[in-house]
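Residue numbers (my numbering), protein chains in the order written: chain A, 4 to 256; chain B, 4 to 256; chain C, 4 to 256; chain D, 4 to 256; chain E, 4 to 256; chain F, 4 to 256; chain G, 4 to 256; chain H, 4 to 256.
Hints may be right or wrong, so weigh each one.
Here are the simulated DSS-like pairs of lysine-lysine, each with C-alpha atoms no more than 25 Å apart in a straight line [said to hold, decoys possible]: (1) G:Lys-18 with A:Lys-17; (2) E:Lys-68 with E:Lys-114; (3) E:Lys-72 with E:Lys-114; (4) H:Lys-123 with F:Lys-123; (5) B:Lys-254 with A:Lys-118; (6) A:Lys-20 with G:Lys-20; (7) D:Lys-72 with D:Lys-114; (8) H:Lys-123 with F:Lys-254; (9) H:Lys-68 with H:Lys-114; (10) D:Lys-114 with D:Lys-88; (11) D:Lys-20 with F:Lys-20.
Bear in mind the hints are in silico, worked out from the structure with no lab data behind them. None of these values were measured; they are calculated from a predicted model.
There are 8 protein chains.
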Amino acid sequence: MEAEKIKSILMDIKKGKLDIETGLTKLKDLPFEDLSYAKIDHHRGLRQGYPEVIYCEGKSIEHIKGIVKKMLERNSNILATRANKEVYEALKDTTEDIEYNEMARIIMIRKNEIKKSKSKILVVTGGTSDIPVAEEAAITAEFLGNTVEKLYDVGVAGIHRLLSHRKNLDEANVIIVVAGMEGALASVVGGLVDKPVIAVPTSVGYGANFNGLAALLAMLNSCASGVSVVNINNGFGAGYFASTIIKQIDKIK
Amino acid sequence: MEAEKIKSILMDIKKGKLDIETGLTKLKDLPFEDLSYAKIDHHRGLRQGYPEVIYCEGKSIEHIKGIVKKMLERNSNILATRANKEVYEALKDTTEDIEYNEMARIIMIRKNEIKKSKSKILVVTGGTSDIPVAEEAAITAEFLGNTVEKLYDVGVAGIHRLLSHRKNLDEANVIIVVAGMEGALASVVGGLVDKPVIAVPTSVGYGANFNGLAALLAMLNSCASGVSVVNINNGFGAGYFASTIIKQIDKIK
Amino acid sequence: MEAEKIKSILMDIKKGKLDIETGLTKLKDLPFEDLSYAKIDHHRGLRQGYPEVIYCEGKSIEHIKGIVKKMLERNSNILATRANKEVYEALKDTTEDIEYNEMARIIMIRKNEIKKSKSKILVVTGGTSDIPVAEEAAITAEFLGNTVEKLYDVGVAGIHRLLSHRKNLDEANVIIVVAGMEGALASVVGGLVDKPVIAVPTSVGYGANFNGLAALLAMLNSCASGVSVVNINNGFGAGYFASTIIKQIDKIK
Amino acid sequence: MEAEKIKSILMDIKKGKLDIETGLTKLKDLPFEDLSYAKIDHHRGLRQGYPEVIYCEGKSIEHIKGIVKKMLERNSNILATRANKEVYEALKDTTEDIEYNEMARIIMIRKNEIKKSKSKILVVTGGTSDIPVAEEAAITAEFLGNTVEKLYDVGVAGIHRLLSHRKNLDEANVIIVVAGMEGALASVVGGLVDKPVIAVPTSVGYGANFNGLAALLAMLNSCASGVSVVNINNGFGAGYFASTIIKQIDKIK
Amino acid sequence: MEAEKIKSILMDIKKGKLDIETGLTKLKDLPFEDLSYAKIDHHRGLRQGYPEVIYCEGKSIEHIKGIVKKMLERNSNILATRANKEVYEALKDTTEDIEYNEMARIIMIRKNEIKKSKSKILVVTGGTSDIPVAEEAAITAEFLGNTVEKLYDVGVAGIHRLLSHRKNLDEANVIIVVAGMEGALASVVGGLVDKPVIAVPTSVGYGANFNGLAALLAMLNSCASGVSVVNINNGFGAGYFASTIIKQIDKIK
Amino acid sequence: MEAEKIKSILMDIKKGKLDIETGLTKLKDLPFEDLSYAKIDHHRGLRQGYPEVIYCEGKSIEHIKGIVKKMLERNSNILATRANKEVYEALKDTTEDIEYNEMARIIMIRKNEIKKSKSKILVVTGGTSDIPVAEEAAITAEFLGNTVEKLYDVGVAGIHRLLSHRKNLDEANVIIVVAGMEGALASVVGGLVDKPVIAVPTSVGYGANFNGLAALLAMLNSCASGVSVVNINNGFGAGYFASTIIKQIDKIK
Amino acid sequence: MEAEKIKSILMDIKKGKLDIETGLTKLKDLPFEDLSYAKIDHHRGLRQGYPEVIYCEGKSIEHIKGIVKKMLERNSNILATRANKEVYEALKDTTEDIEYNEMARIIMIRKNEIKKSKSKILVVTGGTSDIPVAEEAAITAEFLGNTVEKLYDVGVAGIHRLLSHRKNLDEANVIIVVAGMEGALASVVGGLVDKPVIAVPTSVGYGANFNGLAALLAMLNSCASGVSVVNINNGFGAGYFASTIIKQIDKIK
Amino acid sequence: MEAEKIKSILMDIKKGKLDIETGLTKLKDLPFEDLSYAKIDHHRGLRQGYPEVIYCEGKSIEHIKGIVKKMLERNSNILATRANKEVYEALKDTTEDIEYNEMARIIMIRKNEIKKSKSKILVVTGGTSDIPVAEEAAITAEFLGNTVEKLYDVGVAGIHRLLSHRKNLDEANVIIVVAGMEGALASVVGGLVDKPVIAVPTSVGYGANFNGLAALLAMLNSCASGVSVVNINNGFGAGYFASTIIKQIDKIK
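Could you build all of it, start to finish, from the sequences and the hints given here?
And the structure:
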């Protein structure tokens, strides 16, 4: 597609519709906007087929507000992650299509309808304490147009809870496993299915858990083969990665 | 499917074809063979749709040989990873359909034809030193029935090398990025495409690289969103995980 | 026992008392309750012979409350660990048989009498600062039906304090050693007795203690042989593990 | 018992059978022998009820030989761990009751009959590569007078292999779980039984396994409660610790 | 220069202008002032050609105030880094030439005009959250007499944002790259230019980022060659180091 | 001395002054008091020749108060370290001989005169921020009867500040070096003198300082030979260790 | 310059000298050669003004040979780092302008004269054991056209050795400090000069040195301000980085 | 003393015996010799009162030989540590007063008689495997003129072995405790005595010992107060540090 655009610019130059200096500028003109503190990458939507995403942690409220406003001018759908309540309060009057999920710390702004894929993503957790991260994954995946199912609190300390839900595992196209402590659930699920398992270590636990390091290392060393891993507590990353898989499935269909 | 099997056993009991004790045993009888030092899981093929895999590191040559022989009785395709030359020497006369790739340290035994998917997996490396791990990924994926393309030595120190291969990136369904040192390539590729990127950190590098830890952490913290990670030097895991994605794509088709 | 249950289901099917579909469902029906955010595992009591346990850290008060209510319907004894005062405040009117130990951060709900074993568990600490963790261990063990004795502040900096209590060491069946800083007490106790020593590293200390890592590593590397280790500050785990040993002793009697 | 000994010395002094200086010396005279480079603790047998144990790693062959000879003078049973073949070669002509297990790297010298307990220790491994460590545990436990059963290669990647051996789990008094990679097996076993589970992380694995650290952390953070942990690859420690439990069981009987 | 000073002292002694004891003292008399809790090194200005710098973190407000007052007696320019608002409040009435940048947590006191170099330092950030550290670098460099340009939010997840600013990269003499998460930007910039790139890892990120460790290791392992690294979040250090380079450039001119 | 005591007990038994049971008890009776939560080791004073020391961190105020009261009954000098203001408030009315140093977080209770040694301990710091730890060391050493001199803020970034105080270094018998950041001061001082240098790493610094780990490792790896190290921020430990050296010096005199 | 090239292509298209397809191709045609296992980046020379560099570690001898041959076709100067003797043996007959420095493990191929800058780089080491890394830095810098001076074995344990060479420090434009153990030399040098100090931690040392980690952390935390750091043992990186600084100096002249 | 030298130089200048330029040079002339790869610091002997020491690890045999020869010209006593047999072979014909201790890897060259102090250093080890490090400490201390006593294999797993040697502990002026595994011995010894205890962690152990890290952390966190620590396996450092203490004692006498 980019080649196409360059070709058309070259065509215009050849035809004399465009002088060389302008052509040169055009070739360099990439579709992002410059707020000095942020380069909003509207092109990313085109390039990657997704809504705009803002990672709020570490950004000042002013900066977040400025970015959202600029995005709204283009009428984009927006997903703001790691957004605490204060951020939501600051944004909630900017537009009426705004919604906040406090547990997942996510703000959603829907300006355009989101088409739903029929392929299915299953989000599984080891315990109740892992739910906030799981919800971040689930909401992200839903916002990106996926059908999401949830199966919470089926950790390996009571393996029958998981085994009695084989059907849910079997029906999914992609499974996201969210677990803290020793993160063993990823390996057990990975051993039961023949589909992509995305493991999300959480910082649930204490002591030699080292804020999720134990679960992270366990998942990276899973003895089951179809398992890959995202960062500790990175529900968003798991939901997003699962979406890229579903997109490939849907593209082919 | 398992429900089906249980159903048919229950049916037989009801009809009197099967007495209760035998039925009980059957319900417990799962298809693996017991070599005392190894439980060969022939069922895994059924359950996961893949060939038998042996991870050779840490196993004695006798054990490996015993496992391979048992598998050959069932006429399975076999993939033996992390197999040094000594292992190959010990196995090469067991069957004629055996092949060894020394760089990737993989032994392949093909007893059945492998159907090729048309979906494409692209394996990319940062440098020339990452090739052994990349080859492990590529060979694994091919053995599992995938079409694999390779793009080696396109690390970020000369970003134009990667950018000039946009077409390869665009045509793939799944991309495996193999990189050591700072592992930045995963983020750059992840930012350029809208498809699953599987990052494989390698132990290429020295000093504060800490045998691949630097690349691992970098990849887990990728600022690009569609990236997930497997263990350091785990080419096999990446190839396998990519295969599970392709299987979902092909299933839908 | 599970085999027994399956057998009786099969029997009923054979006799025509049960149709196949229902039988199938029964075989899959495992005794846990689904609150969507939690799968309460009432069966665990049967399976493991213990009360229900809730690990409160990271769970919302609503979730904890919901879980406790469901458990109370079954009239279970409940042990809620890592429960801060706020959790207790929220629960204290749910039932009258509730008790809170603030130092150990444990809530106990006793609906059924707890039979006491005569075998003895001794809980030993290196210092006064280790007492909260020791109390978590002691209360857990008592709630699980054990006789617990305590010997606090006998760390190795004044070895005679420990040596003058040889009798306490000699009379116990299991010893729990709770120590922070360099955790040397576990090794010294382990060298003095011929019985299971369960070491609990605590995060007491500072600097290169790294929140209990120093004691953890020391205990894992104990030069005395009969020592095993649980997670940092995991008083509950030590109390629980000690109980499993006592249960084996009592079973045999 | 020590009190008894002191009492009898005091008695002798009172009766004039012993002068004060000699009494003082006797009180200080503890039963170990001094080889200058080693203090052989013959008393440990009495104090802990076990054979003499030599940890060979890091000791010179001369030193090991010297220690063994001194022990043989007392006709002790001897267990020499981490003994490579060279050590065995140096010792094998010292006595005829010597035996070497190369896989477990253990030398056994049996001078006295070992009484067998009827209580049972089950040793379980995740994979075939974990067997050397498991054998160290099993042989140690057997040498210390226990009945040991083995269940190898039942890792969580094929959970049905474990589930079909529920009976073995149910019949044991103590279970030793030996697993590398992500060490998830300890949690799964811990969730299935109500008895002491001793977890032994192994260094089997690579990359972010960090020589067993991944499995170690996973086991310390097990979400199942009756699990305690020994050092990485410490089969001896697990076998020994299991023995102390069995001794308590047998003592009560 | 120091040699000169010693020479002149020796001269004075020779000429009898100075007795030996005084000469000895003079030789030892170095130009710093002693506040007991601080040795103010006025000489550093001479020795290193820069203003006085105070690192405020961990110093009591009284100490900071005392140090500033002593410096003001010498009419020095002062840069106080890691200064929170409370420090500024305490200092702001000490002199009128004081200015506070809250985002960068820097207090500047300008008593003398600062000559501006024409050589250029470019400060680049990966994201908006990295700006506070970048500002610390930029303000430091400006205060030390440099011309600073900024290019913020051009991280590798949208590589075209950076590529479209090649001109800024080309015009700079030194580039400071400030990035958190995986820190890949340093490598990409380093691969595009032939000038010194100073990488500043930031603690922006979470989970396996380990407060900036991921970015730090990545930058140390950069596959691009002209990259050196300062401490995590050390904007001041980067600005200062860049200044030493510019000083060499200007000296030669 | 202990031998003496045992001898006299034995003598009494021989003479019939003491019956055997009482003698046995006496032999076991060691001089510490049991508060159940603490075993106060009055004997330590005798055994080690020092005042009572309470490490306050992690102890409840009640426990601290109880311990102090018991100690006061014996009229001991007391040093309470890591005591925050709240602890002091709770204790200040217990006795009039109490004093609090807030910067060093130390409470001193002087019931007996402390004899001063003439040997000298010099406490040196790298920066002003290291002073609290240095004060903890200095006050501890003084309370233990030593003459202490201080030399603060002489870090290696301005090496002449240290070099101009050679005389202070030369006159001390023991030098305590307190430094954070890269902790280089210990090596430089160690290279200048031929006396014991006790290095105290502090957590002053940020980023890759990892709360004092950088300084700790640097000091452990000092290229200067007469340097030993105590825990991070452990001013008390350094002061105490220095005292044991001075005691040896004074003993000989 | 790139803009210039694009402009001229556009011009040709406009003038009809170039058809659009070819123009498109030209725009994408970047100057690297593809050996499938390596993309040789001849453009890097242009883009960065330096010779070709091959990092040999982890590359097969065949690959290295292939790369060198391709480079020789372009008559480039070549620097091959981390080249062991075996690599040199394989290459030495490829061209006559080849030279090997075994201590620094560097192969140099000089096809074109290298112009020498008059600006000076000083390479300093803490000890004799650091010399191999220092030589890697020195040779790299010389090969890149710089004047290099060396000052070896002037570590801080004997600070006068360094102080007596103040003149060398004063005359250099850039200083490279190579030190292992505690790496304190970087801070001391950094405190003495007002010019860029590039610190290279080495793995010289043992124990808690952790293969250079101690020196690395120390250097990153240097209390002296003009210090930046490269990877452990990365002499090449330091020499290269120093060169980029000299190039800026020379450019301005 | 240095002041004295400067004074005499100034005197000579005053008297005209010395012209200024020469005086200046003299003031800068410090007593070390320059071998280009090593600056031999003969002054260190004077400055620190000890023999010359060469740390051999990482130095080439040529360099070591060169250094030794230069030192021999001055007739110094020489201690070469971490010297493997190859080094000794290369040196043994250089002088006849050479001796090699293989276990401790130390070469001693005695050119001058060493006066023996009567103060006593006691070297204690936990196990037999710690002896090589202990011997390095003992030999170093003896070579530096101390009386050394040894007490080996008295680790805490059999605490009575240590307790029965109270007299040895009581008679020493300084105690060096060498221990691996969990390093608990340092704490126990530290609690028994009132004198300086220098702890040397060794890398004896395995698994979570992490090459001595466990013992190192344990010793740094010792709950006994008079303990300081040197680097892992640093027997030399402990022996040297102990010597500096003895020198202070002897100086006073």
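Right, here's what the structure says about each hint:
1. G:Lys-18 with A:Lys-17: With a Cα-Cα distance of about 8 Å, the restraint between Lys-18 of chain G and Lys-17 of chain A holds, given a limit of 25 Å.
2. E:Lys-68 with E:Lys-114: Roughly 17 Å separates the two Cα atoms, so the pair holds.
3. E:Lys-72 with E:Lys-114: Between Lys-72 of chain E and Lys-114 of chain E the Cα gap is close to 13 Å, so the pair holds against 25 Å.
4. H:Lys-123 with F:Lys-123: This hinted pair holds, its Cα atoms lying about 22 Å apart.
5. B:Lys-254 with A:Lys-118: 22 Å, holds
6. A:Lys-20 with G:Lys-20: Within the cut-off at roughly 17 Å; holds.
7. D:Lys-72 with D:Lys-114: 13 Å, holds
8. H:Lys-123 with F:Lys-254: 13 Å, holds
9. H:Lys-68 with H:Lys-114: Holds, because 17 Å separates the two Cα atoms, which is no more than 25 Å.
10. D:Lys-114 with D:Lys-88: Status holds; Cα separation ~21 Å.
11. D:Lys-20 with F:Lys-20: Holds. Lys-20 of chain D to Lys-20 of chain F sits at ~18 Å (cutoff 25 Å).
In summary, the structure agrees with every hint in the numbered list given earlier.
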